[in-house]
Structure formats: structure tokens, C-alpha cells
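In the order they appear, the protein sequences are chains X and R.
Just so it is clear: in the first sequence, position 103 is 103 by the numbering used here, and no numbers are missing.
Heads up: take any position in the second sequence, counting from 1, add 243, and you land on the numbering used here.
These are computed hints drawn from the structure, not numbers from a lab.
All values reported here derive from a predicted model rather than from experimental measurement.
Just so you know, even glycine gets a beta-carbon here, dropped at the ideal spot from N, CA and C.
Don't take every hint at face value.
Unchecked claim - Output of the computed footprint for chain X on chain R, the stretches with three or more beta carbons under 8 Å from beta carbons of chain X:
1) 443 to 452
2) 494 to 504
3) 591 to 598
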Amino acid sequence: MSESALRLVWIYPDLLSTYGDRGNVLVVERRARQRGLQVERIDVRSDQQVPTSGDIYLIGGGEDRPQRLAGERLRVDPGLHRAVENGAIVFGVCAGFQILGHEFVDDRGERTSGLGLLDVWSTRGESHRNVGDILAEPDPRLGLPTMTGFENHQGITHLGQGVSPLARVTVGGGNGTGDGTEGAWRDTVFGTYLHGPVMARNPAVADLLIKLALDVSALPPADNTWYDALRSERISAAQQQTA
Amino acid sequence: MSAQPDSAVPSASLNARAKLAVTAGKAAAAVSRAAGRGSGSVIGGKVALRVDPDLLSRLSENLDVVLVSATNGKTTTTRLIAEALRAAGPVVSNALGANMPAGITSALAEGEQARFGVIEVDEKYLAMVARDTHPKAIALLNLSRDQLDRSSETRMLAEKWREGLAGSEAVIIANADDPLVTWAASSCRRVIWVAAGQAYREDAWSCPSCGGVMQRPDEEWFCPSCGFRRPQPHWALQGEFVVDPQGSPWPIRLQLPGRANLSNAASTAAVASVFGVHPQVALQRMESVTAVAGRYESVMVAGREVRLLLAKNPAGWLETFSLIDPAPAPVVLSVNALSADGTDTSWLWDVDYERLVGHPVFVMGQRKLDLAVRLEVAGVQFQVVDSIQQAVAMAPAGRVEAIANYTAFQQLRRDVQN
Numbered sequence: 001m002s003e004s005a006l007r008l009v010w011i012y013p014d015l016l017s018t019y020g021d022r023g024n025v026l027v028v029e030r031r032a033r034q035r036g037l038q039v040e041r042i043d044v045r046s047d048q049q050v051p052t053s054g055d056i057y058l059i060g061g062g063e064d065r066p067q068r069l070a071g072e073r074l075r076v077d078p079g080l081h082r083a084v085e086n087g088a089i090v091f092g093v094c095a096g097f098q099i100l101g102h103e104f105v106d107d108r109g110e111r112t113s114g115l116g117l118l119d120v121w122s123t124r125g126e127s128h129r130n131v132g133d134i135l136a137e138p139d140p141r142l143g144l145p146t147m148t149g150f151e152n153h154q155g156i157t158h159l160g161q162g163v164s165p166l167a168r169v170t171v172g173g174g175n176g177t178g179d180g181t182e183g184a185w186r187d188t189v190f191g192t193y194l195h196g197p198v199m200a201r202n203p204a205v206a207d208l209l210i211k212l213a214l215d216v217s218a219l220p221p222a223d224n225t226w227y228d229a230l231r232s233e234r235i236s237a238a239q240q241q242t243a
Numbered sequence: 244m245s246a247q248p249d250s251a252v253p254s255a256s257l258n259a260r261a262k263l264a265v266t267a268g269k270a271a272a273a274v275s276r277a278a279g280r281g282s283g284s285v286i287g288g289k290v291a292l293r294v295d296p297d298l299l300s301r302l303s304e305n306l307d308v309v310l311v312s313a314t315n316g317k318t319t320t321t322r323l324i325a326e327a328l329r330a331a332g333p334v335v336s337n338a339l340g341a342n343m344p345a346g347i348t349s350a351l352a353e354g355e356q357a358r359f360g361v362i363e364v365d366e367k368y369l370a371m372v373a374r375d376t377h378p379k380a381i382a383l384l385n386l387s388r389d390q391l392d393r394s395s396e397t398r399m400l401a402e403k404w405r406e407g408l409a410g411s412e413a414v415i416i417a418n419a420d421d422p423l424v425t426w427a428a429s430s431c432r433r434v435i436w437v438a439a440g441q442a443y444r445e446d447a448w449s450c451p452s453c454g455g456v457m458q459r460p461d462e463e464w465f466c467p468s469c470g471f472r473r474p475q476p477h478w479a480l481q482g483e484f485v486v487d488p489q490g491s492p493w494p495i496r497l498q499l500p501g502r503a504n505l506s507n508a509a510s511t512a513a514v515a516s517v518f519g520v521h522p523q524v525a526l527q528r529m530e531s532v533t534a535v536a537g538r539y540e541s542v543m544v545a546g547r548e549v550r551l552l553l554a555k556n557p558a559g560w561l562e563t564f565s566l567i568d569p570a571p572a573p574v575v576l577s578v579n580a581l582s583a584d585g586t587d588t589s590w591l592w593d594v595d596y597e598r599l600v601g602h603p604v605f606v607m608g609q610r611k612l613d614l615a616v617r618l619e620v621a622g623v624q625f626q627v628v629d630s631i632q633q634a635v636a637m638a639p640a641g642r643v644e645a646i647a648n649y650t651a652f653q654q655l656r657r658d659v660q661n
């Protein structure tokens with residue numbers, strides 16, 4: 001970790017903060033503070049430079065046009081690339097996940113370049129939109145429990161050789177490729193389609209990012225009573241949805 | 244006016260098919276009512292429109308129609324406008340919020356004697372209803388995120404309004420402080436701009452015209468990239484006054500609480516003046532409105548006063564937090580996620596529940612666990628309960644403020660009536 005405080009950077013709240021993914025910022029900040037960490041939160045609007053010295057960068061979901069605008073502005077800002085070269089952690093959701101890849105389809109139906117930080121590329125589904133509760137089993141190497149979330153997207157994200165799926169879907173659509181993959185990750189860069197927000201439904205994901213930032217294998221325990229109650233309720237609701 | 248639906252005879256001005264349609268619709272509504280399925284207005288309207296697809300247009304022909312659309316405040320403002328215009332003649336209105344074409348058709352079928360039709364319209368249907376009803380005026384109050392798992396993206400909605408209203412003959416009464424509403428209205432020929440305020444701005448940072456980053460010094464807003472900017476308002480809400488185009492301030496004295504209702508009253512005064520009703524007269528008439536479809540209503544539960552407040556989306560919650568009694572007033576939150584509410588609860592994280600720090604809070608509803616996690620992260624003290632009665636029994640002294648989203652609000656109203 002760079003300085004004494006955990007530097008938590010929220011990319012473009014003015015464009016990519018439409019589906020409650022602001023909650024990811026709030027949960028990471030809360031859980032870091034509960035562990036006695038200082039947190040410096042940096043909200044970067046799309047007319048500002050992305051700082052290079054952050055520890056954790058979060059990018060949320062957004063509507064189609066804001067996604068294109070965000071992609072255009074991030075492509076000409078070297079900040080996020082530099083941060084990743086410095087070992088920073090990046091976590092993108094939905095539109096933010098697509099932007100991390102090589103390309104996505106924009107609001108005009110055109111293929112648009114992403115940032116190429118993940119070896120994935122996104123297309124748009126014909127008509128079917130994945131909307132609903134989703135369950136997925138994370139890559140065992142990440143040491144995470146079952147992931148629960150809410151998905152709401154028409155995008156299809158194809159994974160290249162350079163990434164692993166973040167999880168395998170048991171209920172829901174995930175990447176929409178039909179092979180049961182959900183999200184993608186490599187080293188310290190992660191992408192997912194899960195809203196909910198994903199950190200509120202899966203506080204272990206927030207903890208994973210904090211552990212990676214601190215380069216530690218464990219954190220002091222935090223009170224998970226209400227998270228656990230919510231998780232059991234949503235997991236069983238999703239299971240009944242398909243039963 | 245509230246004509247008795249079963250005794251009302253279709254107006255002489257309607258043709259035979261339209262008369263038949265009205266009669267068939269009323270019969271269907273009566274059957275539905277008798278079966279205990281609510282007012283029957285939606286099913287009645289559907290049946291009537293099937294008999295005569297042009298019925299909405301025909302029913303509007305002899306009325307001066309005013310349409311009201313927005314993300315928040317539609318029902319209340321429709322009620323305020325109806326009260327104000329009664330100064331000039333009888334009014335028919337879909338006062339209970341059935342705001343899609345079938346419900347609107349049913350409401351208008353009750354208004355044979357009316358001069359004015361004051362109609363709340365769902366945002367998605369505005370262009371269609373505006374085409375069918377030939378309105379004299381359309382009030383556009385605000386646009387922000389709402390139920391994104393099932394409705395259009397907010398900017399797309401503004402775009403649809405803009406396209407649908409471009410050729411309209413109506414006078415548009417639009418909120419100049421809302422960039423999306425301004426974008427929607429700015430292609431219209433006749434616009435009366437009202438500085439009605441905007442508390443929730445998270446959907447308004449990106450220029451609706453070119454995508455530039457909006458600058459918002461003080462009450463102004465403008466896009467530095469393309470020059471799209473706040474129009475000069477004709478009417479303005481200033482504190483608890485509405486200032487008319489001549490610069491005269493008129494005091495707003497509502498029984499309804501909160502900044503949002505002052506804003507609704509300012510827009511109402513501007514609408515009323517289009518029909519020759521003086522702002523002073525309009526504002527006086529608005530004072531009689533207390534609760535609107537149960538919203539803002541105070542009820543007694545186990546000897547305690549409970550005020551019922553509806554908040555359906557982040558902008559609505561923000562306005563509601565600004566009107567509740569200060570801490571340590573007890574607050575009950577109830578959230579459901581049925582399809583009428585939106586099945587995705589992620590929006591809870593776009594609401595600043597941090598503002599409830601210092602209040603004792605009780606959470607209930609189908610999604611009380613989502614609320615629990617949200618409040619835990621916000622650092623708010625809360626308890627999870629199963630019912631309003633349980634919350635009231637545990638609440639410390641003071642009026643209980645109960646805030647609920649759509650179906651949770653309906654449930655709350657039923658619970659407190661029993």
C-alpha cells in the first residue's frame with residue numbers, strides 16, 4: 001500500500017453510478033475503517049485526471065451513452081494504466097467491466113475500444129436481457145464463498161486466454177456466452193456483471209480487495225451478522241426462482 | 244367532480260360507438276368493483292378502448308386538457324392543478340393515480356360535465372397520451388432514475404419526451420432547474436419555464452445534448468462543451484413564495500409538507516395562469532389539499548401518531564428526508580421489491596441513508612435485510628421489525644415518520660387501517 005491511508009478511487013460517479021454501484025465504494029470504505037485503517041476516498045469526475053497513486057479503483061455500471069463517454073475519456077487518460085502497472089487493484093461492474101476489456105458496443109451500435117486491461121471483448125445480445133437474481137461459484141483460487149447479485153444487462157462478454165472467469169454461474173446469465181462464466185480477472189484487475197451491489201451482497205469481495213491492497217492474507221474479523229442474513233435470504237430466493 | 248359512474252349517461256356529443264364504449268367500460272368496472280378488485284378503472288378503460296380505440300381522443304375533444312408527468316410528484320401536482328382550475332370550471336381528473344391510457348380513459352369517461360381534464364401521465368406514455376388528448380398544457384416537473392430493472396434509462400426517457408412533444412401545440416410548463424426536463428422541453432414552440440428547484444442531481448451531471456460535464460454554480464447550470472444552459476425562468480420558487488412573471492411574490496401556504504411540494508405548487512401556479520386563474524386564487528385553493536392518496540397522512544397506531552410518507556426512488560427519498568421531524572424523531576422504513584417497485588434493490592445504495600444518523604430507525608418490509616445492510620454501512624442505529632405495530636411499540640416518544648416505497652406503502656396503509 002502506497003501511503004499510510006488506503007487510497008480508494010471511484011472512477012466517474014457522474015457517468016458510471018446508475019445502478020447503486022456506489023454501494024461498492026461505501027462497503028469497501030466501511031470495512032476498511034472497521035479494521036482500523038485510514039481511508040482516503042477520491043471521487044474522480046469525468047472531467048478530472050485519474051490519479052496514479054490509488055490502491056483500489058472502483059468503476060460502476062451506467063447507461064449506454066455514459067458508458068461510451070466514460071470509455072472515450074478514460075482512453076485518453078493514462079492514469080488507470082499507470083496505476084495498474086504500479087500494482088493497483090481495479091474492480092469494474094457491468095458497463096465498467098466492459099470498459100476494462102478490448103472493446104464494447106456503444107449506444108450507437110458501434111464497436112468502441114476499451115482500455116484493454118482485461119483480455120475480454122463485449123458484444124450485444126440480440127434481444128434477451130439478463131435481468132434478475134444471480135448466483136455464481138467463484139474461482140477457487142480467490143478463496144471466496146458463493147457470490148450473489150442482481151444482473152441487468154444485454155451485453156455478452158467473451159473471455160480471451162489472458163483472463164480467468166471470476167465465477168461459474170449456477171443461477172442467471174453471467175457473461176451471456178452460454179458457457180456459464182461470470183466476470184473475469186487477472187492479477188489485480190477484476191470485472192463482473194453483478195449489481196446488488198456486489199460488495200453489499202458479498203462482503204468477502206470487498207475484503208479480498210483490501211487484503212490485496214495491504215498485501216496481507218487475513219484481516220481482523222468484522223461483524224457480518226446482517227450481511228450473512230441478507231446473503232442467506234438472497235441465495236435461497238435465487239435457488240427457488242429456478243426450482 | 245365525482246359523478247356517480249353507474250348513473251352517468253354518456254355525453255350527447257359522443258358518437259354511437261364511443262357511447263357504447265363508455266357504457267361497456269363502466270359495466271366492466273362495475274363488475275370488477277363488485278368482485279372487490281378495486282375501483283375497476285383500469286379494466287373499465289381497457290374494455291372501453293377495445294370497443295373504441297379512439298375513445299381517449301373523443302373524450303378529450305370537449306375538454307381543456309392538462310397533462311402532468313414526472314418521476315416524482317405527478318399525483319400530488321395533478322391534485323393541486325385540479326383544485327386550482329376548479330376556480331374556473333368543473334374538472335375531471337385521474338386523481339387516484341391510474342396514469343396509463345386505460346386508467347386515463349376511465350377517468351375522462353366520468354367527466355361529461357367537465358370543462359377541464361387534469362391528467363397524470365406515466366412518463367413512458369406521455370408522448371402517446373399527448374398525441375391522443377390534444378392538451379392545452381403539459382407540465383413537466385422532473386426526471387431522475389427510477390426502477391431501472393424495468394423502465395427506460397432516464398436520459399432515453401427525456402429523449403422520448405423531446406421527440407414526442409416536438410410538434411405539440413400545447414403550452415409546456417417545464418422545470419428550468421432540471422437539465423433533462425429542459426432538454427425534453429427545449430424543442431417545443433411554447434414553453435413557460437419555472438425555476439422549481441432540483442434537490443437530487445445525480446442524473447444531471449452529463450449534458451443531455453452533447454455529453455459534456457455540466458457545471459452547476461449556484462442555481463445556474465450550463466454545459467461548457469456545447470453551451471446548453473438553464474433557460475431564463477418566467478416563474479420561480481423562492482423560499483416559500485412563487486414569483487410570477489411580473490416579479491410579484493405570492494406566498495405558498497400548503498398543508499402538504501416539504502420542499503418538493505412547494506415546487507409542485509409553483510408549477511401549479513404557472514399552469515393555472517395559462518387558464519386565466521390568478522396565482523393568488525390558485526394558491527388559496529391549493530391550501531385545502533391535505534393528504535393525496537394517503538401520502539402525508541397522519542394516522543393513529545396504538546395511540547401514537549404515525550405519518551405515512553411515500554418514497555419510490557433516490558430523488559423521492561432525498562426530498563422525504565428533508566421534511567421529516569428532526570432527530571431523535573423515530574423513523575420506520577419499509578421496502579418491498581415486487582414488480583411495481585422494481586425487483587432490483589441496488590438503488591438503496593444511491594440513497595443517502597447517512598442522513599438518518601441520530602434517529603432511532605426501524606426497518607421492515609420484504610427487503611428489510613437489504614435495508615439492514617445499507618443502514619449498517621451508513622452507520623445508522625436500527626432495529627429489524629416485522630410490523631408497524633411492533634415498530635411503534637418499540638419507538639421512543641415523538642411522532643413516528645413511516646417512509647415506504649410503492650407496494651410497501653400500500654401495505655402500510657392497509658396495516659394501519661386494521
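Results for each hint:
A count of 4 residues in the segment 443 to 452 of chain R with a Cβ less than 8 Å from any Cβ of chain X is obtained; the coverage claim is therefore met, three being the minimum. Counting residues of the segment 494 to 504 of chain R whose CB lies closer than 8 Å to any CB of chain X gives 0, so the stated coverage by that chain is violated, three being the minimum. Under a criterion of three residues with beta carbons nearer than 8 Å to beta carbons of chain X, the stated coverage of the segment 591 to 598 of chain R is upheld, 3 such residues being counted.
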